[in-house]
Amino acid sequence: MAPPLRRFIKVAYKLLPILIVYAWYRRTHRGKEPTPKEAARLSRQGRLLYEALASLGPAFIKLGQILSSRPDILPPQYIRELEKLQDDVPPADFSETKRMIEEDLGPLEKVFEDFKPTPIASASLGQVYEAKYRGERVAVKVNRPGVKRMIEQDGAVLKWLLRFLGLFVDKNVAYSISSVVEDYLEHVDDEIDYLKEASNMEMLAKELRGQGVVVPRVFREVTSHRVLVMSYHEGIKISQVEELRRVGVDTQRLARKVSRLFIGMVLDKPIFHADPHPGNISIGQGGEIILYDYGMVGSLDAHTKKHLVRLYASFSLRDPKSIVDELLELGALDPEANRYVVERGFELAIRELGGESVAEWEFERLMDLANRLIYRFPFKLPRQLVLYMRMAGILDGVCLKLDPEFNLLKIIVSLLTEKGYLDEVRMDNVRSFISSMLETIVLVNRVGPSLLRRLEAQDFTNHRGGRQSRMAVPSTFIFAASLLYLHFNVHDQLPAYLGMVLAFILLLYDALKR
Numbered sequence: 000m001a002p003p004l005r006r007f008i009k010v011a012y013k014l015l016p017i018l019i020v021y022a023w024y025r026r027t028h029r030g031k032e033p034t035p036k037e038a039a040r041l042s043r044q045g046r047l048l049y050e051a052l053a054s055l056g057p058a059f060i061k062l063g064q065i066l067s068s069r070p071d072i073l074p075p076q077y078i079r080e081l082e083k084l085q086d087d088v089p090p091a092d093f094s095e096t097k098r099m100i101e102e103d104l105g106p107l108e109k110v111f112e113d114f115k116p117t118p119i120a121s122a123s124l125g126q127v128y129e130a131k132y133r134g135e136r137v138a139v140k141v142n143r144p145g146v147k148r149m150i151e152q153d154g155a156v157l158k159w160l161l162r163f164l165g166l167f168v169d170k171n172v173a174y175s176i177s178s179v180v181e182d183y184l185e186h187v188d189d190e191i192d193y194l195k196e197a198s199n200m201e202m203l204a205k206e207l208r209g210q211g212v213v214v215p216r217v218f219r220e221v222t223s224h225r226v227l228v229m230s231y232h233e234g235i236k237i238s239q240v241e242e243l244r245r246v247g248v249d250t251q252r253l254a255r256k257v258s259r260l261f262i263g264m265v266l267d268k269p270i271f272h273a274d275p276h277p278g279n280i281s282i283g284q285g286g287e288i289i290l291y292d293y294g295m296v297g298s299l300d301a302h303t304k305k306h307l308v309r310l311y312a313s314f315s316l317r318d319p320k321s322i323v324d325e326l327l328e329l330g331a332l333d334p335e336a337n338r339y340v341v342e343r344g345f346e347l348a349i350r351e352l353g354g355e356s357v358a359e360w361e362f363e364r365l366m367d368l369a370n371r372l373i374y375r376f377p378f379k380l381p382r383q384l385v386l387y388m389r390m391a392g393i394l395d396g397v398c399l400k401l402d403p404e405f406n407l408l409k410i411i412v413s414l415l416t417e418k419g420y421l422d423e424v425r426m427d428n429v430r431s432f433i434s435s436m437l438e439t440i441v442l443v444n445r446v447g448p449s450l451l452r453r454l455e456a457q458d459f460t461n462h463r464g465g466r467q468s469r470m471a472v473p474s475t476f477i478f479a480a481s482l483l484y485l486h487f488n489v490h491d492q493l494p495a496y497l498g499m500v501l502a503f504i505l506l507l508y509d510a511l512k513r
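Once you know that position 426 of the sequence shown is 425 in numbering that gives the first Met the number 0, the rest is easy, because the numbers rise by one and skip nothing.
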């Protein structure tokens, strides 16, 4: 599909100058920390990008929101500006909305007993109305009129712009930006396909049953690709902190409850709600958490969950080498990256964070440092990791407003401990260590005979006797104590490993002396 010429010219006029400046800076400053003057210049450029995307309409606003969670592409100064992009837009003309509903469901007055023409929420891709269906109060979510055609046209514009991208940026950046745009165009259809959203709602309603969470009930018989009818649930927006306190809600406890809910979905459920911004969470009269908008969901496979937990454990051990190993396992780092330089970057970042454990770090500060590192080095973030990072960043901001002392990392640590994920890491480490020991024993058996012949040539008369066999007793105790220490202390495993090594050396020494 060829893009409309006028639209193409308008988009190119607004975005190409910003892209050229960005490409020049990235080419000349990649891998370096900006000076205060350069950082201020980057912030101004980020503001220009924000203004350009906001002026180009809903499709570009959505793209900007996605780019705000891509620190592997944009510098932190750009990201801070794009995080301000809001999805609120004036409501569309109701006559067009009514026509769309009637095309899918039939005459409005025959389907609904009452239908209020003023939307209760209006966003770039859809609008929500209040109505009455079979005697029940319902919320009706409807595609914004013309949204599919708008996405198709702007998608064509973006695809044409991508053809010129290689003229301005290096191939790795061009590949990353192209991947983001193509992924956006592929998944934005999911956000306007309400049959898919209905399926997400039904799945999470089943998964979250009995947890004090309200997921609106879908009325399938009056739901289509463009219209979603669901039960209406009213509550206090989670951003209305003073109102929540006025009605007696403990906002500190609420912050813990909401954060445990969202992180728990990531760890335990087949999908997780990936858009916990304040407009999508309310608190009901009974203290229940009401979740809205299920168009953006994510999922983490078993491999990704496992290595995310191991990544946390590597951070807790302050081990840059293991951190890089786990990032490679997650597919988040270019395998051809200079390991020494990346490890050194993490070493300096961990030192800057301070504290004795990961749980003492501030999540926002950790994410800021991570964004700086990700931009400086050749990271390639998979979509499922991007959704998780975006969700966690929004969640942290929401919970900090409820409780200024809130620490998301403490919540993550407690959940990983409660659910046994850290125990799995400990046992994996034990198995890995034992495997390495066995490999070493095999190696010793291979070289043992020649080693013994050399040792027999020496004078060991002063070392013979019962003393040597007694080496096995302390070595066994040291090894057992090391295993116990490793099992109960994931945060400081070095003494355990040193103990195991010492035990093995004593056993080996004892064997060779016999």
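Just so you know, these hints were derived from the structure itself, not from any lab.
Any given hint could be a false lead.
Said to hold, decoys possible - Computed cross-link-like contacts, DSBU-like style, restricted to lysine-lysine with a CA-CA straight-line distance of at most 35 Å:
#	residue 1	residue 2
1	LYS320	LYS195
2	LYS109	LYS158
3	LYS31	LYS195
4	LYS131	LYS36
5	LYS131	LYS304
6	LYS268	LYS236
7	LYS205	LYS158
To be verified - Okay, the calculated beta carbon distance ranges per label pair:
#	residue 1	residue 2	range
8	LEU166	PRO89	33 to 39 Å
9	ALA11	GLU185	52 to 58 Å
10	GLU220	GLU417	36 to 42 Å
11	GLU185	LEU4	22 to 28 Å
12	GLU101	ILE8	35 to 41 Å
13	GLU37	LYS195	19 to 25 Å
We treat Cβ as the ideally placed atom computed from N, Cα and C, and that holds for glycine.
Consistency of the hints with the structure:
Distance hint between LYS320 and LYS195 is unfulfilled; the C-alpha atoms sit about 41 Å from each other, more than 35 Å. Between LYS109 and LYS158 the CA atoms are separated by roughly 43 Å; this puts the pair beyond 35 Å, and the hint is violated. Only pairs whose Cα atoms come within 35 Å are accepted, and LYS31 paired with LYS195 is rejected, the gap being roughly 43 Å. Pair hint LYS131 plus LYS36 does not hold up; C-alpha atoms about 58 Å apart against a cutoff of 35 Å.
For the hint pairing LYS131 with LYS304, the CA-to-CA distance comes to about 43 Å; that exceeds 35 Å, so the pair is violated. Taking the CA atoms of LYS268 and LYS236, the gap is near 25 Å; set against the 35 Å cutoff, the hint holds. The straight-line distance between the Cα atoms of LYS205 and LYS158 is roughly 39 Å, outside the 35 Å bound, and the hint therefore fails. Distance hint for LEU166 and PRO89: a CB-CB separation of about 37 Å, consistent with the stated range 33 to 39 Å.
For ALA11 paired with GLU185, a C-beta distance near 23 Å fails the hint of 52 to 58 Å. A hinted range of 36 to 42 Å holds for the C-beta pair GLU220 and GLU417, which are about 41 Å apart. Checked against the hint of 22 to 28 Å, the pair GLU185 and LEU4 passes, with Cβ atoms roughly 25 Å apart. Checked against the given bound of 35 to 41 Å, the beta carbons of GLU101 and ILE8, roughly 37 Å apart, stay inside it.
Look at GLU37 against LYS195: about 43 Å separates their beta carbons, and that is not inside 19 to 25 Å.
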